[in-house]
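Enquirer: If you're matching them up, the sequences are chains A and B in order. Counting in my numbering, the first sequence runs from 1 upward without gaps. Counting in my numbering, the second sequence runs from 1 upward without gaps.
Accuracy of the hints is not assured; some may be wrong.
No farther apart than 25 Å at their CA atoms in a straight line, the calculated lysine to any residue pairs in the SDA-like style are these [to be verified]: (1) A/K25 - B/I102; (2) A/K91 - B/L14; (3) A/K25 - B/K307; (4) A/K25 - B/T257; (5) A/K25 - B/Q105; (6) A/K25 - B/E338; (7) A/K91 - B/L15; (8) A/K91 - B/P111; (9) A/K25 - B/P54; (10) A/K91 - A/T119; (11) B/K307 - B/T257; (12) A/K25 - B/L14; (13) A/K25 - B/G94; (14) A/K91 - B/S93; (15) A/K25 - B/A53; (16) A/K25 - B/K314; (17) B/K307 - A/Q6; (18) A/K25 - A/L43; (19) A/K91 - B/I102; (20) A/K25 - B/Q30; (21) B/K314 - B/A332; (22) A/K91 - B/Q30; (23) A/K91 - B/G109; (24) A/K91 - A/A73.
Computed footprint of chain A on chain B; a stretch qualifies when at least three of its residues, placed anywhere within it, have a C-beta under 8 Å from a C-beta of chain A [said to hold, decoys possible]: (25) 94-103; (26) 114-125; (27) 269-278.
Calculated from the structure, these hints are not laboratory results. Positions of the beta carbon are idealized from the N, C-alpha and C atoms, including for glycine.
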Amino acid sequence: MAESRQSIKVLIAKPGLDGHDRGAKVVARALRDAGMEVVYTGLRQTPEMITEAALQEDVDAVGLSILSGAHMALAPRVLELLQAHGLGNVKLFLGGIIPDQDVPKLKELGVTGIYGPGTATQTIIEDIRSACQTS
Amino acid sequence: MPDILIEDVLSGNLLAVSRSLTEVENNTEQGRQLLDQLFPHTGKAHLIGITGAPGTGKSTLVNALVRHYRRPPEGSPALQIGVIAVDPSSPFSGGAVLGDRIRMQDLAGDPGVFIRSTASRGALGGLSSTTSGLVEVLDAAGYDRVIIETVGAGQAEVEIARLAHTAVVIEAPGLGDDIQTIKAGILEIADLLVVNKADRPDARRAVRTLQNMLELPGHSARDRRHHGPAAPAPQEEQQLERDHSSWEIPVLTTVATTGVGVPELAARIDAHREHLQQTGGWTNKEQVRIKAELDVLLRRRLVDRWKSSIPSGKYQVVLDQLVNRQISPQRAVDWLVEGEKS
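Let the hints inform the model, and build the full structure from the sequences given.
Expert: Written out as C-alpha cells, the structure reads:
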C-alpha cells in the first residue's frame with residue numbers, strides 16, 4: 001500500500017470590515033510551521049464566503065479573526081451555515097477581541113476555542129490538534 | 001466518515017466532490033476506490049495549466065479567466081469551472097499556507113465554480129503527486145474546464161505540460177533578460193505565452209523578447225515533451241509531432257486586474273483545444289498524461305513494495321556505511337537492491 005499523508009487542514013478567514021489581518025497571518029504562519037495546511041482567504045469575508053470555502057476545501061477547522069466587535073453576529077451565523085451545508089463536524093475557533101462575558105455564550109453555541117491578545121500560538125496549535133484528531 | 005456515494009460525485013454534489021478530493025489527495029484506500037469508479041467518467045474536461053514565476057499574476061489571471069467563462073457572450077452557455085490551485089509545502093514542517101483564494105474572491109458565491117487549494121507535499125515540478133487524481137475527480141463531476149494553477153514556478157517546474165492539454169505560461173515585465181528566455185525549461189512548455197501586467201512600461205519589451213525567442217530556429221524542440229526521453233517513437237507519433245509544430249505559439253498581453261486581454265486569452269485557449277482535436281494532438285496529450293500518471297504510481301508502488309521486502313535494519317546499516325564513506329552511493333544502491341554479494 002502506498003504511503004498516505006494526512007495533514008490537518010484549517011481555513012483562516014477575516015470576516016467583517018476591519019482591515020487588521022496581522023493576527024490572522026501570525027496564526028496562519030504558526031499553524032503552517034506546526035505542519036498544518038492553512039487556507040488563507042484574506043479580508044472582508046462574509047459568513048457565506050467562509051462557508052463556501054470551507055465546503056470546497058474540506059477543512060477540519062475554521063479560524064475566524066474578529067476585531068470589530070461583531071463576533072456575536074458573525075460566529076453564530078457561520079456555525080449555522082456550516083451546519084446547513086453538512087459541515088457540522090468542522091470545528092470553529094475565534095481569535096481577536098472577544099469580551100470575557102461573551103465567551104460562555106459562544107462556547108455554548110458550539111465555538112471550540114476562543115483566543116484573545118497574547119495567547120501563545122502553541123496553545124492554539126495544541127487545541128486545534130486535539131479537536132481535529134485525525135485517525 | 002461516511003462512505004462517499006459515487007452517484008453524488010458524478011452529479012456534482014459539492015460535499016461529495018469535496019470529500020472525494022480529500023480522500024484522493026491523502027491517497028487513502030477509499031480515495032483509490034473512488035478513482036477506480038470515477039476514471040471511466042473522465043476525459044471530457046479541457047485541462048488548462050497556468051504556470052509562471054511567483055508574482056506574475058497567476059491567481060489573478062485565473063480569477064479573470066473564470067469570470068470570463070462564467071459570463072459568456074449571449075447565446076453560448078456558461079461553463080462549469082473547476083480550479084486546482086497548488087501552493088508549496090514547507091520543506092521543514094510539511095505545513096503550507098494556501099493563499100491562492102485571496103485573488104479569486106470575485107468567484108465567491110458562484111455555484112458553477114469549484115476552487116480547491118492543495119499543497120505540493122514535497123513533490124517537485126510545481127504540482128503534487130496526487131494532482132492528476134484531483135483533476136480526474138473534477139472532470140468526472142462534470143466540470144467543463146479544469147484550470148490547474150501550479151506552484152510559482154521557476155525554470156524547471158514543467159510537470160504541468162504533461163498534465164494539461166493546454167499549458168499557459170505567464171510572464172511579467174521586468175523579470176530577467178533575453179538570456180533567461182533561451183534557457184531551457186518553462187518557456188519551452190508553453191502552448192500560449194502571456195505577458196501579464198501589460199500596463200507596465202516595459203511590457204512591450206517583454207513581448208518582443210518572447211517573440212524573438214519563438215523565432216529562433218529549433219524552438220520546436222518543445223515537441224519533445226510529447227514523448228519523453230524514454231518513450232518509443234512509433235510512426236504515429238512522428239505524424240503527431242509534425243501536426244503539433246503547426247500550432248503557432250501566440251504571445252498575448254493581459255492586465256488581469258482589469259480583465260484587459262482576457263477574452264482574447266480565452267479565445268486562444270479554445271483555439272488550441274480545437275487545434276488539438278483536429279490534428280489528433282488531443283489523443284496524443286491524453287496518452288502522455290496517462291502514461292506519466294501510470295509511471296508515477298508504478299514507481300511509488302514499487303518503492304513501497306521494495307521497502308517492505310528488505311530485512312528491517314538493513315537500510316540503516318547501509319546508510320551508516322555510506323555516511324562513513326565506507327561505500328559509495330552507487331554501491332549502496334547495489335547492496336540494497338541486488339543484495340550484498342555485488
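Enquirer: Confirm or reject each hint.
Expert: Tested hints:
Straight-line distance between C-alpha atoms of A/K25 and B/I102 comes to about 13 Å, which keeps the hinted pair within the 25 Å bound. With a C-alpha separation of about 19 Å, the suggested pair A/K91 and B/L14 falls inside the 25 Å cut-off, and the hint holds. The hinted pair formed by A/K25 and B/K307 fails the criterion: a straight-line CA distance of about 40 Å is larger than 25 Å. Among the hinted pairs, A/K25 with B/T257 is consistent with the structure: their alpha-carbon atoms are about 24 Å apart, no more than 25 Å.
A threshold of 25 Å between alpha carbons decides the hint, and for A/K25 with B/Q105 the separation of about 18 Å falls inside it, so the pair holds. Under the criterion of a C-alpha separation no larger than 25 Å, the hint pairing A/K25 with B/E338 is inconsistent with the structure, at around 50 Å. For the proposed pair A/K91 and B/L15, the alpha carbon gap of about 17 Å is at most 25 Å, so the pair holds. Among the hinted pairs, A/K91 with B/P111 is consistent with the structure: their alpha-carbon atoms are about 24 Å apart, no more than 25 Å.
Using a Cα cut-off of 25 Å, the hinted pair A/K25 and B/P54 holds, with the two alpha carbons roughly 19 Å apart. Simply put, A/K91 and A/T119 have alpha-carbon atoms about 19 Å apart, close enough for the 25 Å limit, and the pair holds. With a C-alpha separation of about 49 Å, the suggested pairing of B/K307 with B/T257 is violated against the 25 Å cut-off. Between A/K25 and B/L14 the alpha-carbon distance is near 28 Å, which puts this suggested pair outside the 25 Å criterion.
Restraint check for A/K25 and B/G94: the C-alpha separation of about 18 Å stays at or below 25 Å, so the hint holds. Simply put, A/K91 and B/S93 have alpha-carbon atoms about 23 Å apart, close enough for the 25 Å limit, and the pair holds. Distance check on the hinted pair: A/K25 and B/A53 sit about 23 Å apart at the alpha-carbon level, within 25 Å; holds. With a C-alpha separation of about 45 Å, the suggested pair A/K25 and B/K314 falls outside the 25 Å cut-off, and the hint is violated.
As the CA atoms of B/K307 and A/Q6 are separated by approximately 21 Å, the hinted pair is consistent with the 25 Å bound. With a C-alpha separation of about 11 Å, the suggested pair A/K25 and A/L43 falls inside the 25 Å cut-off, and the hint holds. Between A/K91 and B/I102, the direct Cα distance comes to roughly 22 Å. Compliance with the 25 Å bound is thereby established for this hinted pair. Simply put, A/K25 and B/Q30 have alpha-carbon atoms about 34 Å apart, too far for the 25 Å limit, and the pair is violated.
For the given pair, B/K314 sits about 11 Å from B/A332 by alpha-carbon distance, which is consistent with the 25 Å threshold. Between A/K91 and B/Q30 the alpha-carbon distance is near 23 Å, which keeps this suggested pair within the 25 Å criterion. Proximity of A/K91 to B/G109 is assessed by CA-CA distance (about 22 Å); at most 25 Å being required, the pair is judged to hold. A C-alpha spacing of about 18 Å is found between A/K91 and A/A73, which places the hinted pair at or below 25 Å, so the restraint holds.
Three residues within the 8 Å Cβ limit are the bar, and the segment 94-103 of chain B against chain A gives 8, so the coverage statement holds. Here the segment 114-125 of chain B counts 6 residues with a CB under 8 Å from a CB of chain A, which clears the bar of 3, and the coverage holds. Coverage of the segment 269-278 of chain B by chain A is violated [criterion: at least 3 residues with CB-CB distance below 8 Å; count 0].
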